[in-house]
Amino acid sequence: MGKNTAHRAQESYRSEEVSAEQIAMMRDEMLRFSILQLRDSALAEDAVHEAIIAALSLGKYTGRGSLKSWVYAILRNKIIDVIRQRSRHPAEIFVEDDDMGLDDQFKKDGSWKKTQKPADWGHPETVLANEQFWRIFATCLNDLPKNTARVFMMREHLGLELKEVCKELDISDSNAWVIMHRARMQLRKCLEMNYMQGELL
Amino acid sequence: MKCKQATQLMSQSQDRDLTLKEKIQLKLHLLMCDGCTHCNRQMSIIRAAVKELGDRK
Ligand SMILES: [Zn+2]
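Line order of the protein sequences matches chains A and B. Counting along the first sequence from 1, when you hit position 30 you're at 30 in this note's numbering, and nothing is skipped either side. Counting along the second sequence from 1, when you hit position 35 you're at 35 in this note's numbering, and nothing is skipped either side.
Take these hints with a grain of salt, some might be off.
Unchecked claim - Within a straight-line C-alpha distance of at most 35 Å, the following computed DSBU-like cross-link-like pairs (lysine-lysine) qualify:
(1) A:K113 x A:K189
(2) A:K146 x A:K108
(3) B:K2 x A:K60
(4) A:K60 x B:K23
(5) B:K23 x A:K113
(6) B:K51 x B:K2
Stated by the list, open to error - Pairwise CB distance ranges, derived in the manner of DEER restraints:
(7) B:L28 x A:K114: 17 to 27 Å
(8) B:Q25 x A:A20: 14 to 24 Å
(9) B:L28 x A:R84: 37 to 47 Å
(10) A:Q85 x B:K51: 19 to 29 Å
(11) A:E17 x B:L30: 45 to 55 Å
Honestly, the hints are just simulated from the structure, not real lab data. All C-beta atoms in this analysis are idealised placements derived from N, C-alpha and C, irrespective of residue type, glycine included.
Work out the full structure: start from the sequences and follow the hints.
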């Protein structure tokens, strides 16, 4: 938590001019963030442009959080708009990704394989304060198959109810549960292999 | 219940309300299984991390 004190001062901003330079500096990162959720670089770029235009036309940034979280809140809304527009004019039918070797984590009888048994990652706050964790987490998210990632991000990052995700993508509840489960299990495995084993064990 | 099913239930508990029977089965399994207890905690960490994306720094 100590690392937060450095930008405490920034958090007390209430109303601040937004400059094009500030936003331009965030552009690449916004684009990566947007691609992660839309998995389509043209649409992702549109969402980022619209968010930048919206931020600049508001001209002033107001709020409790950082400028960055204000800009990202705008971007998230644009991404949700894109998702909703896309589902109204579906260009492609949603295809479920394969199971990504989820079953490799278990023995035939359904218990954990010795090598796959989840380890203790330690205190959530400690994990979430670790820069290395975030770097690996970004890689692991990028490695999720496209459609799995879309469902997972709509639900977990954009905060849509699973019902709405199902409606937008025209999939059943049970499909969605399976997809969410695979996403979580793959992320878990990826994090454990790349971060935890090197860092903690 | 085996670990594989237990992980399905812990994942679904983030997306829907489990039935009373499912909750009890899961709880009993977690009481005697380290691996699944860790997995359950890992899923909460992952959930918190995804929410925080884009809000850091
Ligand atoms: Zn277990």
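Against the structure, the hints:
1. A:K113 x A:K189: OK: K113 of chain A and K189 of chain A at ~12 Å, within 35 Å.
2. A:K146 x A:K108: Distance of about 28 Å is within 35 Å: holds.
3. B:K2 x A:K60: violated (55 Å)
4. A:K60 x B:K23: violated (48 Å)
5. B:K23 x A:K113: Between K23 of chain B and K113 of chain A the Cα gap is close to 24 Å, so the pair holds against 35 Å.
6. B:K51 x B:K2: holds (30 Å)
7. B:L28 x A:K114: 17 to 27 Å: At roughly 23 Å between Cβ atoms, K114 of chain A and L28 of chain B fall inside 17 to 27 Å, so the hint holds.
8. B:Q25 x A:A20: 14 to 24 Å: violated (56 Å)
9. B:L28 x A:R84: 37 to 47 Å: holds (42 Å)
10. A:Q85 x B:K51: 19 to 29 Å: Between Q85 of chain A and K51 of chain B, where Cβ atoms are some 24 Å apart, the hint holds.
11. A:E17 x B:L30: 45 to 55 Å: With Cβ atoms ~52 Å apart, the hint holds.
In terms of the numbered hints stated before, the structure departs from hints 3, 4 and 8, listed from lowest to highest.
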